[in-house]
Amino acid sequence: MLNKTVALQVCLLAILPSTGHADVFEWTDGQGRHHYADRKQANAKILTVEPGVSYYRVEKVFDGDTILLSDGRKVRLLGVNTPEIAGRNKNAEPGGEQAKAWLRQRIEHQKVRLEGDVEKHDKYQRSLAYVFTEDKTLINLELVRQGLAAVNIYPPNLKYVQALLDAQQNAERAGLGIWALPAYAPQPFDALNGENYRGWKRVTGKVRALKRTAKYSYLQFSDRASVRVENTTLNLFPPLRNYVGQSIEARGWVAKNKDRFAVQARHSGDIKPLKN
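The sequence shown runs -22 to -1, 1 to 254 under mature numbering (1 follows the signal peptide of the UniProt record, and there is no 0).
Don't read these hints as lab results, they were simulated from the structure.
Heads up, a few of these hints could be off.
Derived pair list, reagent style SDA-like, types lysine to any residue, alpha-carbon separation capped at 20 Å [said to hold, decoys possible]:
| id | residue 1 | residue 2 |
| --- | --- | --- |
| 1 | K38 | R104 |
| 2 | K89 | T44 |
| 3 | K250 | N213 |
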């Protein structure tokens, strides 16, 4: 369960969405590049995100994180990722059907309210939204609380990031849903290979070095495995040098380039420090 403080914050956000959400900050650096953060930075301004106020009927649930509204819009739930269900060019993942069944039972053919964030659509032109029921339940958060979804942070969409991360921590500690499934257990970086790297992973290892390029910073487990951070999002992390010498768990999708593997981390919530 969420602690009392976070639960109270979420209730207030649901009731007063225009004033109760976490602020998102934007600023431009000396090279003219735009940055976003959920923490105040020098010379940053607060982005104003207007919430939706109308209710829409859910026509269909495609899977645990994608729905179709009666007005024809396809909506991707922000901040979460549920396991895949079987489909064209997609294999079913453990927990996918359970997440879909829960979401169908909860909101299919029901009315929901959409609340947006900074980005309105994804690359597939799906609407991006936080979905509230008529009883003010934030469905994105409830999926995480039930262990049916993992937190999936895409800056600059950071409105409910802390509440989502807190809920995930509690679900993980309780061993709910996906957190009890062997398919999503942590695996050491040196176990990655060309057959098993696809999909959302939890990869562990000791950070041996920090490497920087013009576009990325790499927390290196070895010459063939690392955690990759875009330099434009470094403000969402503590100083990366602090991870060197530490054992960590990185969560996300793994990219493969020849015989090298890199977990993409977009926010400090994607990296969990472990005891050495």
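Checked hints:
no.	hint	in the structure
1	K38 <-> R104	holds (14 Å)
2	K89 <-> T44	holds (15 Å)
3	K250 <-> N213	holds (17 Å)
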